[in-house]
Amino acid sequence: MTFLQPILLATLAACGLTTVLAGLLLVAERYLVRYGTCRIDVNAGGRVLEVEGGQSLLASLMGQSIFIPSACGGRGTCAYCKLKVLEGGGPVAPTELPLLTEQEVADNVRISCQVKVRNDVRIEVPEPLLSVREYRGVVERIRDLTHDIKELRIRLVEPREIDFTAGQYVQLEAPAYGDNPEPVYRAYSMSSVPSEKAAIELILRLVPGGICTTWVFTILKEGDEVTFNGPYGGFRLSDTGSGMVWIAGGSGMAPFWSMVRHMKQQGLARPCRYFFGAVKQRDLFLVDELRQLEKELDWFTFTPALSGPTDGDEWPGERGRITEVVAKHVADGSELEAYLCGSPGMIDAAAAVLRGKGITEERTYFDKFG
Amino acid sequence: MPAPEPQTQITRPGQALLVQLWRENPIFRQVLGICSALAVTNLIFNTALMCAGLIWTTTMSSLTVSLIRDYIPRRVRVMVQVLIISVYVIVVDIVFRALFFETHKDIAAYVGLIITNCIVLGRLEAFASKNKPLLSAADGLGAGLGYSLILLFVAVVREVLGFGTVLKNTAWETVVLRGWEPGVHETWWRSWTILVIPPGAFFVLAVAVWIAKAYDLRRQAGTQAKEAPQAKEGGA
Amino acid sequence: MIAETAHTAPGLALALILLSAAFTDNILLTRFLGMCPFLSISRQLRSAFGMGLAVVFVTTGTCVLNYWLYVYLLKPLEAYGVPAESLKLILFIVVIAAFVQLMEMLIERISIRLYFSLGIFLPLITVNCAILGASLFMVNNVASRGFGTLDVLVYGFGTGLGWFIAILLMAGIRHRLRNAKVPAALEGAGITLIITGIMAMAFVIFQGMIKL
Numbered sequence: 001m002t003f004l005q006p007i008l009l010a011t012l013a014a015c016g017l018t019t020v021l022a023g024l025l026l027v028a029e030r031y032l033v034r035y036g037t038c039r040i041d042v043n044a045g046g047r048v049l050e051v052e053g054g055q056s057l058l059a060s061l062m063g064q065s066i067f068i069p070s071a072c073g074g075r076g077t078c079a080y081c082k083l084k085v086l087e088g089g090g091p092v093a094p095t096e097l098p099l100l101t102e103q104e105v106a107d108n109v110r111i112s113c114q115v116k117v118r119n120d121v122r123i124e125v126p127e128p129l130l131s132v133r134e135y136r137g138v139v140e141r142i143r144d145l146t147h148d149i150k151e152l153r154i155r156l157v158e159p160r161e162i163d164f165t166a167g168q169y170v171q172l173e174a175p176a177y178g179d180n181p182e183p184v185y186r187a188y189s190m191s192s193v194p195s196e197k198a199a200i201e202l203i204l205r206l207v208p209g210g211i212c213t214t215w216v217f218t219i220l221k222e223g224d225e226v227t228f229n230g231p232y233g234g235f236r237l238s239d240t241g242s243g244m245v246w247i248a249g250g251s252g253m254a255p256f257w258s259m260v261r262h263m264k265q266q267g268l269a270r271p272c273r274y275f276f277g278a279v280k281q282r283d284l285f286l287v288d289e290l291r292q293l294e295k296e297l298d299w300f301t302f303t304p305a306l307s308g309p310t311d312g313d314e315w316p317g318e319r320g321r322i323t324e325v326v327a328k329h330v331a332d333g334s335e336l337e338a339y340l341c342g343s344p345g346m347i348d349a350a351a352a353v354l355r356g357k358g359i360t361e362e363r364t365y366f367d368k369f370g
Numbered sequence: 001m002p003a004p005e006p007q008t009q010i011t012r013p014g015q016a017l018l019v020q021l022w023r024e025n026p027i028f029r030q031v032l033g034i035c036s037a038l039a040v041t042n043l044i045f046n047t048a049l050m051c052a053g054l055i056w057t058t059t060m061s062s063l064t065v066s067l068i069r070d071y072i073p074r075r076v077r078v079m080v081q082v083l084i085i086s087v088y089v090i091v092v093d094i095v096f097r098a099l100f101f102e103t104h105k106d107i108a109a110y111v112g113l114i115i116t117n118c119i120v121l122g123r124l125e126a127f128a129s130k131n132k133p134l135l136s137a138a139d140g141l142g143a144g145l146g147y148s149l150i151l152l153f154v155a156v157v158r159e160v161l162g163f164g165t166v167l168k169n170t171a172w173e174t175v176v177l178r179g180w181e182p183g184v185h186e187t188w189w190r191s192w193t194i195l196v197i198p199p200g201a202f203f204v205l206a207v208a209v210w211i212a213k214a215y216d217l218r219r220q221a222g223t224q225a226k227e228a229p230q231a232k233e234g235g236a
Numbered sequence: 001m002i003a004e005t006a007h008t009a010p011g012l013a014l015a016l017i018l019l020s021a022a023f024t025d026n027i028l029l030t031r032f033l034g035m036c037p038f039l040s041i042s043r044q045l046r047s048a049f050g051m052g053l054a055v056v057f058v059t060t061g062t063c064v065l066n067y068w069l070y071v072y073l074l075k076p077l078e079a080y081g082v083p084a085e086s087l088k089l090i091l092f093i094v095v096i097a098a099f100v101q102l103m104e105m106l107i108e109r110i111s112i113r114l115y116f117s118l119g120i121f122l123p124l125i126t127v128n129c130a131i132l133g134a135s136l137f138m139v140n141n142v143a144s145r146g147f148g149t150l151d152v153l154v155y156g157f158g159t160g161l162g163w164f165i166a167i168l169l170m171a172g173i174r175h176r177l178r179n180a181k182v183p184a185a186l187e188g189a190g191i192t193l194i195i196t197g198i199m200a201m202a203f204v205i206f207q208g209m210i211k212l
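Line order of the protein sequences matches chains A, B and C.
Position 24 of the first sequence, counted from 1, bears residue number 24 in my numbering, the numbering being contiguous throughout.
Position 50 of the second sequence, counted from 1, bears residue number 50 in my numbering, the numbering being contiguous throughout.
Position 109 of the third sequence, counted from 1, bears residue number 109 in my numbering, the numbering being contiguous throughout.
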């Protein structure tokens, strides 16, 4: 048995050392990484939070039910979580600098997922974000709109009602599943009308390899519980009353479907031309409903266009890229406002066309979802 | 926004191996992992041993990590991987110490440094922790072979031109560049001592990388000229 | 030579160790260790500086700790048949990992500014070959030249310093090279290797000067 002795001793030495070091690290963590309770003063005393120090500002706020938007989950890449930290933020971290302009740094704007709460801080949070809440709901209905677009209807459980403006979005939580060890949040515009407070509807397009849409399309069932937070976003109808041009493609339909029905309910009769771009006929949805609205409302026109219809489609409507169709139908845009919702590529192309028609940048509103 | 899909999915072991061997060769694509072996490349035999050690380590640790990939908690992932690598390197160390004692004395420290070799860890992080065992083993084997390819090239150049011998200090030593009389030390080729000392390794490696990249650029230019430009479909 | 000098002029012996670790046996230019981060970080002077400091810090600390581990744990175990030479590989790396984590916590506590300039590089260097290499070569020196604790401290510091100097020089040179015309196939790795080779040639000068 003597040959076992060195092996045993070696293993003992290795394990012993590792245990001692691990213990040392744990002790160090307890005593060194201890920051105690810190106060977060929000909006000059509007709200004062007491949090456990040592976490990122974003995480600390989320723990107190203040939901700052974040697409990357705190990794410091999306820059959605910008906040003004007036005092107590410490020096600007090297991970924040690439995401902030010089003016922002001078104004104390910080990337809140990279700011660690080590002492009392004073911050400014835009008011709309303070009314963002986390909602729990149940999936009431999943409806196929096209081969790769679904409509999700969620009945609210806690809280029972939601207040939002047509055009806003929520962040839906896709829980850990399959190869994804952590939940992720993805933003989707609400397609339901604001007057309906007890439920929301979302329109999702399946993204190949996309974590959230894959979950919705393959795993989520009616009756399942979901979590989302919101409402977020500044994409909404303006107060001006001017005529509008709406341009959307794919799941970009969502905010406009909400807006047009809201306008109908509220009797807001603003001239509105809605252009919807798709590739083939099978990519169109809600066409009948929108045509019906077109008949009922004299201020609303709906123009779908296909850029690559297959021969069997027999499409009598407009053909070509949506930007070309818009150029054809909109002569003078000097009195108009433009609302665009779709992929960044489509939005950029459309904005350029609209500029050529006289719709200035200040009167163009984007919802870049990609 | 979801990340873009990788160019090709690796599905077959043979494919995994070949990709690592040339297209994604760790040394000149990413200039990784040259640390631990450059020092020994002035002798072909030492290099061959190092490469054997690395091939063994990459293949076996890729296999092991891939087998237990679902059970490793995320926080300790790197430490567990390093520990697995250490075990296989210790095996290499013990084998070399037993079989090639003389050579081992020269390369002992570098054998140990296989543990921190970026290639080994890199393949574990990038491939073995996400793919099936057989595939990961092939990937590890390919990476090791790709690494050996370059290093042996450097070693051949360095030893032949620097010492004038092949497999010096072994039973198989051959003096390549030499006159007729075996007892005479002078070779007709003046040995390039620069290749024997450390700077030589950098220069030869630079040349190897240069050749590989130039060949690659030529090939890329060739295929680009053949492909017709595709019209882009924009829109939602 | 070191042994005799140690008796008569201990300060000189230490100076010799420092100089040989930093120049003659420069861990990067003559031993080829620590290349990966070297090639990527040396692009910017500022991060090169931070990384270099971190390396000096860690090499010094871990060399001393590993020396104690070797002398007081591993060597005695050899009497029982434990292959200390092979086991040290695992133990050294565990010590290095723990040291780095501990340092990260300490530095963050002491000074946030220091943490931002140095601390963020610490996790990157746990697997830097140069750190483990320094410890392994230190063991060689202990065996062949009978180093003591102070010698090891100076040796570790010298090794880290050598790496630091090399990376600073490289960053400076690459900064100058930004506007130079480099052949396409040499861009990136190729030209950096050639520069490193030339730098290594320069350091070869020191070989004759200091004989340890």
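Please note that a few of the clues may not be correct.
Said to hold, decoys possible - Within a straight-line C-alpha distance of at most 25 Å, the following computed BS3-like cross-link-like pairs (lysine-lysine) qualify: (1) B:LYS213 - C:LYS181; (2) A:LYS221 - A:LYS264; (3) A:LYS116 - A:LYS82; (4) C:LYS75 - B:LYS105; (5) A:LYS197 - A:LYS264.
Claimed, not checked - A few chain B positions that, by computed beta-carbon distances, are all more than 12 Å from chain C: (6) ARG12; (7) THR41; (8) ALA52; (9) ILE55; (10) LEU67; (11) ILE68; (12) ILE72; (13) PHE100; (14) ALA108; (15) PRO133; (16) LEU134; (17) ASN169; (18) ARG190; (19) GLY222.
Unchecked claim - Derived list of chain A stretches under chain C, where covered just means 3 residues or more per stretch with a C-beta under 8 Å from a C-beta of chain C: (20) 17-24; (21) 120-132; (22) 322-331.
Since the hints were made in silico from the structure, they are not lab data.
All C-beta atoms, glycine included, are put in the ideal place defined by N, C-alpha and C.
Now the hints, each set against the structure:
1. Straight-line distance between C-alpha atoms of B:LYS213 and C:LYS181 comes to about 17 Å, which keeps the hinted pair within the 25 Å bound.
2. Simply put, A:LYS221 and A:LYS264 have alpha-carbon atoms about 32 Å apart, too far for the 25 Å limit, and the pair is violated.
3. The suggested pairing of A:LYS116 with A:LYS82 holds, with an alpha-carbon distance near 14 Å, which does not exceed 25 Å.
4. Proximity of C:LYS75 to B:LYS105 is assessed by CA-CA distance (about 18 Å); at most 25 Å being required, the pair is judged to hold.
5. This hinted pair checks out: A:LYS197 and A:LYS264 have alpha carbons roughly 17 Å apart, not beyond 25 Å.
6. Its beta-carbon lying about 29 Å from the closest one in chain C, B:ARG12 satisfies the requirement of being farther than 12 Å from that chain.
7. Look at B:THR41: its CB is around 9 Å from the nearest CB on chain C, not clear of 12 Å, so calling it non-interface is violated.
8. Its beta-carbon lying about 17 Å from the closest one in chain C, B:ALA52 satisfies the requirement of being farther than 12 Å from that chain.
9. Listed as a non-interface residue, B:ILE55 keeps its Cβ farther than 12 Å from every Cβ of chain C; the least gap is roughly 18 Å.
10. Even its closest Cβ contact with chain C, about 20 Å, leaves B:LEU67 beyond 12 Å, as expected for a residue assigned away from the interface.
11. Non-interface status of B:ILE68 relative to chain C is upheld: no Cβ of that chain comes within 12 Å, the nearest being about 18 Å off.
12. Consistency note on B:ILE72: stated as away from chain C, and its beta-carbon is indeed over 12 Å from all of that chain's, at 16 Å minimum.
13. Here B:PHE100 stays apart from chain C, with its beta-carbon at least about 15 Å from theirs, past the 12 Å limit.
14. Distance check on B:ALA108: its Cβ comes as close as 8 Å (rounded) to a Cβ of chain C, failing to clear the 12 Å threshold; non-interface status is violated.
15. Listed as outside the interface, B:PRO133 is consistent with that label: its C-beta sits roughly 24 Å from the nearest C-beta of chain C, beyond the 12 Å cut-off.
16. Listed as outside the interface, B:LEU134 is consistent with that label: its C-beta sits roughly 27 Å from the nearest C-beta of chain C, beyond the 12 Å cut-off.
17. For B:ASN169, the shortest C-beta to C-beta distance to chain C comes to about 20 Å, beyond the 12 Å cut-off, and the non-interface label holds.
18. Non-interface call for B:ARG190 relative to chain C: holds, since the shortest CB-CB distance, roughly 18 Å, exceeds 12 Å.
19. The non-interface label for B:GLY222 is consistent with chain C: the shortest C-beta to C-beta separation is roughly 15 Å, beyond 12 Å.
20. Figure legend: the stretch 17-24 of chain A, annotated as covered by chain C; annotation consistent (5 residues with Cβ-Cβ distances under 8 Å, at least 3 required).
21. Only when three residues or more bring their CB closer than 8 Å to a CB of chain C does the claim for the stretch 120-132 of chain A stand; here the count is 0, and the claim is violated.
22. For the stretch 322-331 of chain A, the stated coverage by chain C is violated: 0 residues have a C-beta nearer than 8 Å to a C-beta of that chain, whereas at least 3 were required.
The structure fails hints 2, 7, 14, 21 and 22 (numbered hints given earlier, in ascending order).
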